[in-house]
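J.: Please arrange chain B on chain A, whose structure you already have, making use of the hints.
Here the protein sequences come in this chain order: A and B. If you read the first sequence in our numbering, its first letter stands for residue 1, the second for the next number, and so on. If you read the second sequence in our numbering, its first letter stands for residue 1, the second for the next number, and so on.
Some hints here could point you the wrong way.
No more than 27 Å apart at the CA atoms, straight line, and that leaves these computed lysine-lysine pairs for DSSO-like [said to hold, decoys possible]:
#	chain 1	residue 1	chain 2	residue 2
1	A	369	B	228
2	B	98	A	550
3	A	369	B	261
Only some residues are given here: those of chain A computed to face chain B with a beta carbon under 7 Å [stated by the list, open to error]:
#	residue
4	479
5	480
6	483
In short, the hints are calculated from the structure, not lab data. For each residue, glycine too, the CB sits at the ideal point set by N, CA and C.
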Amino acid sequence: MNILIPHTWLLEHLEADIEPKKLQEYLSLCGPSVERMYEREGDSVYDIEVTTNRADAMSVRGIAREAAAILPQFGVDAKLKPLTAPDVPNPSEELVLPTITENDELNKRTLCVVLSNVDRAPTPDWMAKRLTALDMQIHDAAIDITNYITHELGHPCHAFDYDKLVACGNQIIITEAEAGESFTLLDGATYTAIGGEVIFKDGTGTIIDLPSIKGTANSSVNANTKRILLLAESIDAKKVRFASMTHAIRTTAAQLMEKNADPTLAIDVIRLGVKLYREICGAKVASAVYDHFPRPNTHVAVTLTSEDLFRYLGVVIPLEEAKQMLERLECEVTIIDDSLVVTPPSFRPDLTIPADIVEEVARLYGYHKLPSKLMESAIPTNRPSGTNFTLEETVKEFLATVGWQEVYTYSMVSEAEALATGFTLEEHLKLSNPLTDDKVYLRRSLAPSLSAVLTANPMRQTLSVFEIANIYHPITNELPNEVLTLGIVSSAQYRDVRGILESLCTKLHITNFSIETEAGSSEATICFGKTQEVAGSISYSNGLTIIQIKISALVAHAQSHPTYQPQAKTAIIREDLTFKLPKKTAVGPIMSALEQLDPRITALELSTVYNENHTFTINYHDPNENLTSEQIAPLRKQLVAKVEQNWGGSLVGQLT
Amino acid sequence: MQRTLRAETGLSANELQQKYLGVNGAFTLLAKQITEIDPGDRKVAGQPLNNLKNALATAVAAANNPSVKAWVDLSLPGRRPAVGHVHPISQAMAEITKIFTSIGFTRARYPEIDWDWYVFESLNMPPDHPARDEWETFFVAHAPDEKMGQMVLTTHTSNGQVREMERLGKPPIRMINIARCYRRQQDVTHTQMFHQFEGLVVDKGITIQHLKGTLDYFAEQFYGPGTKSRIRPFHFQFTEPSFEVDFSCHLCGGTGCKFCKSGWHEVGGCGMVHPNVLRAGGIDPDVYTGFAFGWGIERTYTLKEGLAIDDIRLLYSGDLQFLEQF
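The following block holds chain B by itself, in its conformation from the complex:
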């Protein structure tokens, strides 16, 4: 500081003190002359003078009292606050919700314990139909309802289809329903409880092209630019035509690699809403068409790069070592 002052002024701190700030210093003399200025203009002259004087005084004081710097150790490790984690399934749900709401879908929520009517029968699956084999259903020990049938744990989010038609009364419908589902199976790729997201679009003029467009949009948003979707023939009782959906592998771009084998990952089913389902929801299938899809969140999410979770049961284990990674 001393050196800087000297370099700039050619004077030492003491000399500056005497010459400018002392009893007979320059500032004192100038301050006395203030009285000679017209009272209205005194402020204009006085303020800059004061500012200058204070700045110099501060610099001189600093030069006279060089501070002693405390010894600090910046190499010490940080002390971190506890960081919690939103569960990966919640993260996936939030992402999926955002993608679909951005193209006009409304998120809905329907019962997890529902009547057979909504889970199966209204979806064109009469009792004892072989198609029901695909759903390993948990039944609730409760007397069946005369009209609605047995009480079951929802095996899929599709129970929301007719319920959403009933809620809205008439199209347009563009629903995304994300919920817990239950099936009677358990191994490294299945848990008794899992999650699905269900899309339902019903309106005039809805075609397979719109289904393809929606799938492509989701694929690009969820897995990254360039990801494509593909539909192949399949069968579900509640859609006609029905499809299986594949997404192109984002690792190899669809050419086939160790992760995907064929270039594609199968994620789930979809199709054009069956006329009987529209009728069950009070919608005229001669006027309206629609499509629906429903996939497992676990499967959809773990196809993301770096998320090949080898045992899906970990998601619901409450194991902090696992959960804290997300």
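Chain A on its own, in the form it takes in the complex:
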């Protein structure tokens, strides 16, 4: 959460002689980060990011307290000024306070006082200037005072129209809303409760406030208001967050209270509020102060040893030095033997364990002062199994080198893309809160996303893209099976695409690569290894070749190096044979069959195809002797006979 703090306002709480630029630098190094600085009406305005654990710093006074603790570390004298909010004076008239039905589970504290004779004066210039610098709208003083003190002290308060409360029975019941009840906020927006929101009700059951979030129209100050009930409550943080998030009402008040703003501060808020109403609006105190605070914050001491500090920082910080730092943060500190016993102030509920105290000391000491060095400890050698990041990089580099483009596409797909995989929508994992319609289902295939990339680049006549990403297969009551997959979609010719896949397998030293398919089918299975494990699929349709291979199969079958084969000592005889094959004959099975005819047929490649004529280049080789023409002739005869008998093909030319 970011907060804007004008420099001159800060100096009302901070005694320090410091340039804004320097303050920005020092605060950022040791405390809340001052992200930017603006010049507004001659004043420097800090834009400060305050982290969610530090509701205490979400105010002018909170930042002043931080600065007073940090600046002395840089040699700058600084002190937090005492707060000038006198006790609420005795009432000058006696108006009846509302009857409040408390609920100590829902609300930690209620503080209120009635003010009468409230002059609807314009917001004074000095206050308007500050609120404008914070990008706040200016109304009139009676309304703006509440915003002003919330920003100054970091605890919200609200001004009710006292007469409106009286009109409906002068009763406040702190309770939870029931589902279906409705309320209209002071900006006119109407909401229906889902049940469980903490609300104020009057005696008739009407909702008259959404406390610690925003006032309702039926009880808030309007143009005719002359008497107000100034009230500061501290609704349970989780309850505030629930209602604020449920209805998306993210006011400053809600953001402070859901982060446990300190109820102890509420008394200063009322005191300062009364002071300003009296000074600016001529208001009179018209009741005693009502204060219901059944369980004031307990202060739990945290014990920290000098060893704890050393364990985190690696340097020795004298306990006396640490004590002084913590005291500037308003902690109570005693040194007992080698330990610090630290009692944090009520506004620091974030300090509960030794590591929290270490952080306070360390940041004030200055992280920038700590040395920087690499670990000297043992290097772990227990690597995760089943992954091979180097292999993934090799695959990417290889495919890019042969001219293919790696892409990254979204893991979530549209309904149409999900259905394009052949799985039903119910067979997909679905987001319950998608941001856009095109990213709703967790994909079970990379193909639709990659095909979309080709469609999106119509200027490329042939384009081959690939991606290594997970696909997600649901499992009942378990996390899905995330299958890391190499996906390829290409508009190049099928044989070229398959050739590159074959080369990739060769590069990875994968043996026994095969593609199993029914003759004429547009889909096939890719298998690896002796057991012919299914590694993926390849398909061809509408001019696109689509390949998906499990990375785990590549990891399992890839080898870091080949199995060395001694150089052939005898000659390899190569010759071409051309067969005329009947139309629609699948060539793959012919080649597999011919390769297996005789161990001396050591390689067989399809070199050219012209109409029905298919030319194969055949290697004959015997490692033990040089093959003679007489030995090759019967092999050749076997080849021709096999093709003729099994596939009805005929040799082009004649056997000698």
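T.: Structure of chain B alone, referenced to chain A:
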């Protein structure tokens, strides 16, 4: 060639042919004398003689047949093979992996769809904690697990922290986890899917100094010599103390320029592992300490000189005009 031969020998090609290579030439005469040498030594004499004769014959033949040079056009433009590209995010990942593995980190991979327990709760973030606001979480429409909570798309790589502690059982831990992450936001600087890298070191005696050392090492390796890191106080539920990390601007050296404004670039968060997180991973926080960091790859990568990509969505658009630049 003719001219060279003449310059060297004082004879024309024809004269050389007659004098040395002809039927009655010098080589023929010498060859006849070979028979007079002891058979065992003939090789020693014969081979150099043959070599000389062949060399001269080649030179004479070349001189007699000056070749006609074909007309070639070396000014023709080249015909390029298709060049593909590894995606910039992959390039960044490879570089990051290399840097961290060189100082003993082990790369790991953990689920992208995980239980709330690993993504939030084991990281010291109880349900409904305001700190969860910072993560715009995508939820999977799936019944929650009784113990593990809801199924979510990982909003950060930090789900790998407790998982890595569980995998190893005990320190030393020095993990780098690089993965896809998801958050429910989309504009020029945010995409619903993005990438993070997460470092986790747990052992005896690990201090903030080691975190600083690791950050400085990465900064120098990734952005170039002289780049420094800086940590500032911050808050994360799963680290205590917590920090934001800045790297000094490599363009101005940290003095402040148009690119960086302040001399520093904020890259992400880190901190000392919270005792509750160590406990969730079964590690005794009284014995071990550790640090963790997790940053967006997109942000970290585009801070490199010349990579100020104005719309981060381009990375996942599949637009070839964009991707082919890398």
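J.: Are any of the numbered hints broken by this structure? If so, which, sorted upward?
T.: 6
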